[in-house]
Structure formats: structure tokens, C-alpha cells
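Protein sequence lines correspond, in order, to chains A and B.
All letters in the first sequence, in the order written, are residues 1 to 191 by the numbering used here.
All letters in the second sequence, in the order written, are residues 192 to 634 by the numbering used here.
What the hints contain is simulated information worked out from the structure, not anything from laboratory work.
None of these values were measured; they are calculated from a predicted model.
Among the hints, erroneous ones may be present.
[As the list claims (entries may be wrong)] Derived Cβ-Cβ restraints for the label pairs, each shown as a range: (1) B:ASP472 - A:ASP76: 48 to 54 angstroms; (2) A:SER96 - B:LYS374: 42 to 48 angstroms; (3) A:SER96 - B:GLY508: 16 to 22 angstroms; (4) B:GLN277 - A:GLU172: 51 to 57 angstroms; (5) B:SER475 - A:TYR87: 40 to 46 angstroms; (6) A:PHE90 - B:VAL572: 50 to 56 angstroms; (7) B:GLN307 - A:GLU172: 54 to 60 angstroms.
[Claimed, not checked] Away from chain B, derived, C-beta distances all over 10 angstroms, residues of chain A: (8) SER78; (9) THR79; (10) PRO80; (11) TYR87; (12) ALA98; (13) ARG114; (14) GLY128; (15) MET147; (16) THR149; (17) LEU150; (18) SER154; (19) LEU180.
Cβ atoms here follow ideal geometry from the backbone N, Cα and C, with glycine treated the same way.
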Amino acid sequence: MKVKFLGLCVVAAGMVLLQGCSGGENIRDGDVPIDDRSIGAEGQGDAAYSEGGAQSSGVEMGSEFAGRPVEELLNDPSTPLSKRVFYFEFNSAELSAADRDAIATHARFMNEVRDVTVVLEGHADERGSREYNLALGERRAKVIERMLTLQGVSQDQIQVISFGEERPQAFEHDEESWRLNRRVQLLYSGY
Amino acid sequence: MILNRNAVMKFVIRSMATLLLLCSWQAQARLVIEITQGTEGALPIAVVPFGWLGGADSRTDVADIVAADLARSGRFAPLDKGQMPQQPHSGKEINFAAWRAAGVEHIVVGRVQSRQGDERMVEFQLFDVVRGVQMTGYSIPASSPRMRRVAHQISDIVYKKLTGQRGAFNTHVAYVTVERSGKESLYRLSIADADGHDEQVILTSKQSLMSPTWSPDGERLAYVSFEKGRSLIYMQEIDSGKRELLAEFKGLNSAPSFSPDGRRLALTLSRDGNPEIYLLDLRSRALTRLTHSRGIDTEASFAPDGKAVLFTSDRGGKPQIYRLKLENGRPVGRPQRITYEGVYNARAAFSPDGKRLVFVHGDGKRFRIAVQDLESGTLRVLSDTRFDESPSFAPNGSMIIYATERNRRGVLEAVSVDGNAHQRLGLSRGDVREPAWSPYILK
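Excised from the complex, chain B in its bound form (with noise of 0.2 angstroms):
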């Protein structure tokens, strides 16, 4: 067949603008990580692309994954692909002295089998190079659109036999982004993998959406919606879409916040007077107040015991962060304020063994994320930026994600607790904004 060739110039021309489409449709969507800054001391491990048995697949890379999972983390420094000496793919073709030689402590070798229709085999095996060991292994039944979820489970186990603790790759994260064009804008609350993968928009509305929040379940999110013109405050089953209007008294409805039985949610609420914070019972929907003070007290977050909420408030001035400790959702004492380097301290959390709390530390110049130790009130700051919000720990307490501003747009950053692992997560337009961790997901 002969083909005019203006006609294949248009074909091509057509096609490509066909992809470019695609393109931008994919990369609206989706969030990219970056690994801003990386670890000294990090382990050497390799993880090597996994064997296939049976059949082609789409191939989700398992190894990538995980590599990448662990490169996030800032403990782990994985070997590129092509520095690799050889490819096993089971315990019993690894060349141990080869590895050593390649400074490598850790391997992970595996293979995927094609079983009926969608259904897969993986198996993996981590091993001890220096003594030639196996550590641990698995075999992981999964269907084909689940081997994300597979991979970030062999990354989880991976990470605790490694450094001791339960890791947090196979947990999502909620946020809002905003596309702003002409005189509207476009929100949408959205639910991604932790590695940016797999966005679900969850929520679209041309009016403000803020402060997603997980329900202990991981199930639920409770978000504030301006949709009638004000602040009301929402929940919302994930999986089935299904919302609730849960506060809509006169004033301010804000901050919603699980109690970690998740049987109440802590509020804002400005129905009697000025912001105060109160908690709603969810099934009987009793309020109960639990700060009385002129000044303004919002962002209650609970303990992970739930025997007490931090919150911010400026009664003494400024904003700074108080304690109050609660007996069976009732407040006992007084608040005690927490926080006292700084101009400025709010929307604070604990970290997840309750330790410690993160905060928006304002040093009077810039907003940035600090980690303070709530035994000796130590304070360290963990990031270097001017206008970082909204900081949530990962359920594992490793990492904390944040909100930022790089280049006039608005980023989520991801630092570890000890400050020295940073990574980004950017949309290719549009800002992106309060990031939630979620919790452990028990499906």
C-alpha cells in the first residue's frame, strides 16, 4: 500500500496531538514525587527486578516500588538497576560474594506467577548479604490491578524487619487541590497512594473545600465545605461516596477532628460567641464545649489514648498551642499551654505514640514546620521554607507531610523526624494543599 505522504504528515500530526491530549489529561491527575534530599548513612540494599513466570502482564514494576518506597523513607540507599552484578530472582541464584563486592548489606529477590485470569503469585525473599542469609519471605496472593498495594506491602515488611519498625508505604494520603481559571475556581479533596500514585478525586466543588481529616477506620473523611456560602463541616464514606452534613450552626463550623475511637469528632464551633472548641458526639449527636476562653481556640487534634486534645489558641496574645486532658470526652482542668519559643504556633498534632507534636512554628519572618518533644520541650524545626502548613504524621511517626510554597505554587513536602530526608509532591498545575496522612489501612 502506498501512502501519500501529506497524509502520513497528518496521521503523525494527528496522533500527536492525541498524545500530547493524554498527557496532560495523566499529568493533571497525578502527583510527582521528587526526592529532594536524601540521607547519609542510609542502608545499601538492592532490590532486584522480580522474575516472571507464565504468561506476559502489564508488569507493574513490583521492585521499582518497593526501591522507591525505601528510598523515600531516607533509611534505605537502593542499588540503580544498572550497577546490579546479576539478576537473581530466588534465593538460590544469588551470587553473595558479588553483592558484597557491590557494597551491598540487603537483597530482595522475587517473581510474579500468572495463575487464572487475573490472579497472581508474588512471592519475595529478603537476604542478609553479608552472612548469606535469608531474613524473611513471603508469598502474596493478588489480582492484577492490586500489585501497587502488593509491592507496598512487601516494602512495609521489608522496612520492619530492617529498622525495627512498622512501616507506612501501604497508606494513602488525602488533599485539596485548586485550579484557578479566569474568575473560578476548581476544587477537588482527593485520596493518593503515600507515593503519589492513584489519585481518587473524592469531591468536586467550585467553593472552598478545607481540613480533610481521616476517620480512624480509614474509611470516612470529615472535611469543611463553603458549597452553601459558609463553613459547614462534612463527612464522607470513601468507598461509597455517601456524605452527611454533620455541623451547620450559626458561625464558624471548622476543624473537624476524630477522637481516635472514632465514635466522637472535636470541632470549632462559633454558635456562642467567638471560636470555641467542642466535641460531637457522632451517634447521638450531643455537643459538649470544652474551652471557654474570649480568645479564639481551634484545631483540636486528639492523643492517640484519646485522653486529651491539643488545640490552638490566642488567649494569652498570640497563637500558641494548649493540652487539655479529657476524661471519657470531658474536659479535666485547665488547659496548659505547650508551646512557647515563637510569635506563632498552631494547627498542632501529635505524633502517633504521642511523644511529640508537630506544629506551624512563625519565628516572626517565616511559618515553618517544627517538631517539639512534649516531656522535655525541646523544639527542633524541620523545614526551610516561608510558608508551610498544615503538617500530618505518617501512622508509623517517620515522616511528616506538609503543605508548602515553591515557585508561587502550592506543594506537599514530606520530611523525616529527623529532618533529613526530604521529598516533594507536586501537580503539574493548579496547587495542592492540607495534606492528610491516613492510617494504617486494615483491607
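Isolated chain A (complex conformation) (with noise of 0.2 angstroms):
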């Protein structure tokens, strides 16, 4: 379970002093093996993410994320940051109300500590062909990018990855498993 989050510590840990590499709710079973995860060859905001070098573990005073250290906001089942999945109707990039009330969130937070970088992971179920279904998971992360950048967001910050349909969550082809991988995993890194 704590594979890929321990991947993304690997890929982070260059740039910046991070607090540590446990726990994160939304790792799922299957995922890839530490070396095996790089940002790729044109990873976004690395550059910027270190040259800012804050190591700032918690938040400035007056704001709703006041006085409370990241990885225990981020931890924290009580706030809008710990919904981190976000689903999808069949052939839809559309998000519901109370998706974007908590993407809003996702925002100020990420706008606050702007050392803290995040990964997208767009997904779609099995159904239709493979390749248009992993322009629909990039068109998934992408709505929520543009959410996060429209609201303050540095894109240094943001990173969109698209898996199409090739790492469902629930394998049984039944409507419910494809409700559950038409997903966007929103990934914070070192938390």
C-alpha cells in the first residue's frame, strides 16, 4: 500500500526537505515499484518547486488551514482535503457541485503551502477503446488542473498523468467497478 507513495518521496526528495513518507489514504493495491516511478522527462515545476525551497510544515496564521501542520491537514478525515478521489459519469469530465466545493479547498490549501506539489491521475473505466480512454483520464485530470490554476494555483505544482483504463481499481465488469475507476486520484507528494 505505501508503494507509490514512497515512490513519489524518491522523486521528491532532490528538491526538497520533506517530513516523511507515511500513511495517504488513497494508495491502492498494484501500483508501482519505487524506481519505476519518474516524472518523466519533462516533468513539470521541479525547478521552481526547489528554487522556493520553503519548508514550511505548517500554515500561516488567520486562514482556515490555520496553525495545523500539513501531513496532519492532510491526514485529517474532518476536512475537505481528505476527499482525494474524485468520480466520473460514463464518457463525462464533468464534476458535481460538492466535487468542486472540495477541489476549491484542494486550492486555498495548495495555495498557502505552495511547496506542496500534486499529482493527478486520471482514469477510465474498461468500456470503448483503449487509447481514446486514456485521452478522456488526461481530460479528467484536466479539468481539476484547470480548477486548481484558475483559483491560484502554480503549475509548477500540478502534474497530470493519464492511465486510460490500464490500472482500475475494481476489476469485475460490472457497473459498479466502472463507477469506481472512472477517477481522478489527486496525489500530494511527501504526504
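Assembly of the complex is requested from the two constituent chains, each provided in isolation within its own frame, with the hints serving as guidance.
As C-alpha cells, then:
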């Protein structure tokens, strides 16, 4: 369960001092081993990220996140930040109003903690063609990326990766599995 | 020598265990073909077991392979060996009256002669039983390990002679297999003969492999691999295994497809914001962007003359097939929408004669394989399953292979273009998907 998480830590480790590598509830089975997880040749955001060099583990006073360490915030199931998987209808990239509210909270959080980065993993269910689904997964992740950047989050804090239908969360060939598989997962580095 | 009973039992049990182990290993590495629906009006033919002259051999059964090839095409109904009135090995041994009485219209006879070492000479003749005359006959030199290939060549000759159409038996299929064990998945990119034999794994990865596609000379495959954590396009020489990273742009790198002259690769990149079709010149590495829409444009596939690409786009709301004309690798005019029936049409490919296209057709409930005539626009659904994907034409246009799901497993199926003959290629475990039928093999 922790494998992906550790992988992200390795990627980020050269850039910023991290608080730790434990926890994370949206990580699922069957993920990549550490050394396979690289962000790619044109990985975004690394430069700005390392220049900032901020190692804030807490948040400024006066905000909704006031005075709480980032790690604790992200692991607190009572805040909207704990919602890090967003589901979609078939062949759709539209989010519900509740999801948009949760994403707005993520945006405020990322605006305050400028050294936090997130990978938006887009996924699709198995129906239809694989290549189209790869594009559909990206479209879903980019809808969330756009919401975050429109609310001020730096492009450098976000990376979009689509896996299309290649990494299902549920393996049955039925509506319930398809619903769980049409998703975007927010994976914060290091938390 | 007296053996104690216990020791014998132990030996037997150990042998059986070894045998089982061997069996499971073999089963894993082999696609099994099963003909699920034959054709009415298939031509009655007899392929008589070939004679062997000069010594024993591994005895690759040439006649069995030819008969199985012809049966799979749906155009022929080979006679069972048990019902053959005689087993002639040459023309002068044939009793035509006996074969006419057995209802056979054509007969293939042949013999294999051992020469030095591995060398063989395979001779065969095809006869018209009704008229009692030879239609064709060849002597083909071959080494013993190439006997299956020779059998497929014989099938090609017989098929051409009797149907007028070039045979596609001496071809390959590339495909991806996935085996899950616990939290790990193992992906293999493999190539097998079109009859499922002689599988060769060309790449193994713990990350997804997708979209294998053949170079027009049949010597390379391009595909998508997630080995670096996201979708990138690679090209690999089949014989040497040498591979090359072709596309690692920001965003998606997906859906590669070679131009018919092998000089360019159509591909999908989202480096400019959303998925668009580009052409990559394989020599200069120059990129030309072909599409400009706010929707998803992907799954490009060239016309056989290289003067157009088909692609999937949801610029109109839902995924549909579009065609864009090309001149010297540059787009001409605007893309034209080709499909109007159904709510989801994707992953199109031209037939080798360029007159039809095959694609995944979604009617709101199922995703099936359909063929559409380009000129008339007439669409015909060829499959009857729910989750059909990745259709690919045989190079002679006679059959289409595609991936589907049976009993919750990924399998490959092939269907004749008229929809009459069906066959299934399944693995004993794991899933198999994304078949790509090779071009004609020239070597």
C-alpha cells in the first residue's frame, strides 16, 4: 500500500526536505515499485519547486488551515482535503458541485502551502477503446488542474498523468466497478 | 532387476509432477485456437497427410497445418482424415472416382523428402477432383524448423488458386498479455503466427504496454509503454530486440501508427494542451501537427495509399470517426466525419483495399466490431459480444482480429469480413488483448 507513496518521495527527495513518507489513504493496490516511478523527461515544476525551498510544515495564521502541520491536515478525515478521489460519469469529465467545493479547498490549501505538489492521476473504465480512454483520463485530470490553476495554484505544483483504463481500482466487469474506475486521484507528494 | 513397489510409485508420481509442470508452462506460452462458427457453403477439400521419404523426422504435420489454415478462413471445409477413402502422396496415386464419391471437390497431396541434415524438400500438388486435373504444384526447399512456415505458404498458394485472393496464413499477430498475481501485473508484448503457434515474447514489463502497431515491412513494432511512469512511445526491432524511445513529450504520447511507406509515424500528443494528432518524420524527427480541435483527437490510422488518416474525435460531443486527407505528410482541407450511426465509434482502421473501415461501434449498450463501406456508408456489425476492442485487418482483408471478453477473461477473436466465420484465440490464464495483424511477410 505504501509503495507508490514512497515512490513519490524518492522523486521529490532531491528537491525539498520532506516531512515523512507515511500514511496516505488513497493509495491502492498494485502500484509501481519505487524505481519505476519517475516523473518523466519533461516533468513539470521541479525547478520552481526547489528554488522556493520552503520547508514549511505549518500554515500561516488566519487561514482555515491555521496553525496545523500539513501532514496532519492531509490526514485529517474531517476536512474536505481528505477527499482526494473524484468520480465521473461514463465518457464525461464533469464534476459535481460538492466535488468542485472540495477542489476549491484543495486550491486554497495549495495556495497557502506553495511547496506542496500534487499529481493528478486520470483514469477511465474499461468500456470503449483503450487509446480514447487514455485521452479521457487526461481530460478528467485536466479539468481539476484547470480548476486549481484558475484559483491561483501554480502550474509548477501540479502534474497530470493519465493511465486510461490501464489501472483499474476494481476488477469486475459491472457498473459498480466501472463507477469506481472512472476517477481522478490527487496524490500529494510526501504526505 | 527387481524394483520395490514404493520406489516405482515414487518415480511415477515424480514423473507426473514434472509432466504437469511442463504442461502448465507450455499452456502459458501458447494461444489456443478454437473455431466457434464455420461457414455454410465452404468448399469441400481434402488435405491428405503428406508422405515421408528418407528417414524419420520431428514430423511437423504439414497437411494438418494446411487443413487447419484453410478451415480457419471459413472458406473451406477440409475432410476429416478418418473419412478419406485413400491416402495418396502423389497425383498418380489418386483415385478420383473415390474422392468424388466422398463429396470432395479439391484434393491436396504431398510428400516431404529428407536431405542433408536439417534440409527438406516439400512437394505438393493441388487437384481438381471433378475434372481429375492438376491445378498447381510446387517443390519448396526448407529446413526442418521452418516446416510450419512452409505449410502456411502452401495454404497461401491453395487459397489463392481456389479463391482468387491472396492468402494471409504466413503472417503474424502481435498482442499484449497481462497476468495478475496479487498486487503485481506482468505485461508481455508477444508475436505469434497467425494460427497462434510459435509465440515469441518481445518485451516484458511490470507496467502497462499498449497499442502495438507494425511497421509496413513487418520488421518493427511501435507501442506505448508506461515503464517510466507515464505513456511514452517506443519502437523495437523484432529480430534484434533493439529499442528506441520515439516520443516523450509532456502529456500523452500514445496511439502510434506507421505510414504505409514507413517514413512517418502518426501519433497522439497532448503537449499543446489537449490530445491532437501529429506526424513524426522518423528520419528528421520533425513533427507536423494534423488536427486542431478542443476535443480529443486520437487513434490515427493511415489509408493504404498514405493519402489520408482516419482518427477518433469527440469534437462533435461523442467519439466518432473522421478522415483527414494528406498530401506529402501535410493536411489538406478539414477533417470529414465518417460515422453517424451509434453513440460511440472509435479506433478505426482502413481495410487493405482502402474501401472499408473497421472500428469499435457503441450503440449505447455494447461495444462491438463494425465494418463500414466508405462509399455507400453502409455499416455492418460483425461481432456479438459486449466489450470488443482493437480491431485489426488481415493483410488480405479477409479476416478481422479483435479483443473481447469471454467469461471475465480477455481473449482474441477473429471474424471473416462477411461475418460468417468466427474463431477464438485464448490463453490458459491471464488476459490477452490489443491484437495487431502483421503485414505480409516478405523474408
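Now the hints, each set against the structure:
In this structure, ASP472 of chain B and ASP76 of chain A meet the distance hint of 48 to 54 angstroms, their C-beta atoms being roughly 53 angstroms apart. Under the hint 42 to 48 angstroms, the C-beta atoms of SER96 of chain A and LYS374 of chain B, about 31 angstroms apart, miss the expected range. Distance hint check: the CB atoms of SER96 of chain A and GLY508 of chain B are about 20 angstroms apart, consistent with the given range 16 to 22 angstroms. The hinted range of 51 to 57 angstroms is satisfied by GLN277 of chain B and GLU172 of chain A, whose Cβ atoms lie roughly 55 angstroms apart.
Look at SER475 of chain B against TYR87 of chain A: about 44 angstroms separates their beta carbons, and that is inside 40 to 46 angstroms. One distance hint, 50 to 56 angstroms for the beta-carbon pair PHE90 of chain A and VAL572 of chain B, is violated here, with the actual separation near 21 angstroms. For the pair GLN307 of chain B and GLU172 of chain A, the supplied restraint of 54 to 60 angstroms holds, since their beta-carbon distance comes to about 59 angstroms. Residue placement check: SER78 of chain A keeps its beta carbon more than 10 angstroms from all beta carbons of chain B (closest about 30 angstroms).
No beta-carbon of chain B is positioned within 10 angstroms of the beta-carbon of THR79 of chain A; the least distance is around 29 angstroms. Listed as outside the interface, PRO80 of chain A is consistent with that label: its C-beta sits roughly 28 angstroms from the nearest C-beta of chain B, beyond the 10 angstroms cut-off. No beta-carbon of chain B is positioned within 10 angstroms of the beta-carbon of TYR87 of chain A; the least distance is around 20 angstroms. With a least CB separation of 25 angstroms from chain B, ALA98 of chain A remains clear of the 10 angstroms interface cut-off, as annotated.
Every beta carbon of chain B lies more than 10 angstroms from that of ARG114 of chain A, the smallest distance being close to 22 angstroms; the non-interface claim holds. The claim that GLY128 of chain A lies off the interface is violated: its Cβ sits roughly 6 angstroms from the closest Cβ of chain B, which falls inside the 10 angstroms cut-off. Look at MET147 of chain A: its CB is around 16 angstroms from the nearest CB on chain B, clear of 10 angstroms, so calling it non-interface holds up. The beta carbon of THR149 of chain A sits about 13 angstroms from the closest Cβ of chain B, which is more than 10 angstroms, so the claim that it is off the interface holds.
Taking the minimum C-beta to C-beta distance to chain B, about 15 angstroms, the non-interface status of LEU150 of chain A holds against the 10 angstroms cut. A cut-off of 10 angstroms between C-beta atoms confirms that SER154 of chain A is not in contact with chain B; the least separation is 16 angstroms. LEU180 of chain A, annotated as away from the interface, keeps every beta carbon of chain B farther than 10 angstroms; the closest lies near 17 angstroms.
When held up to the earlier numbered hints, the structure conflicts with 2, 6, 14 and fits the remainder.
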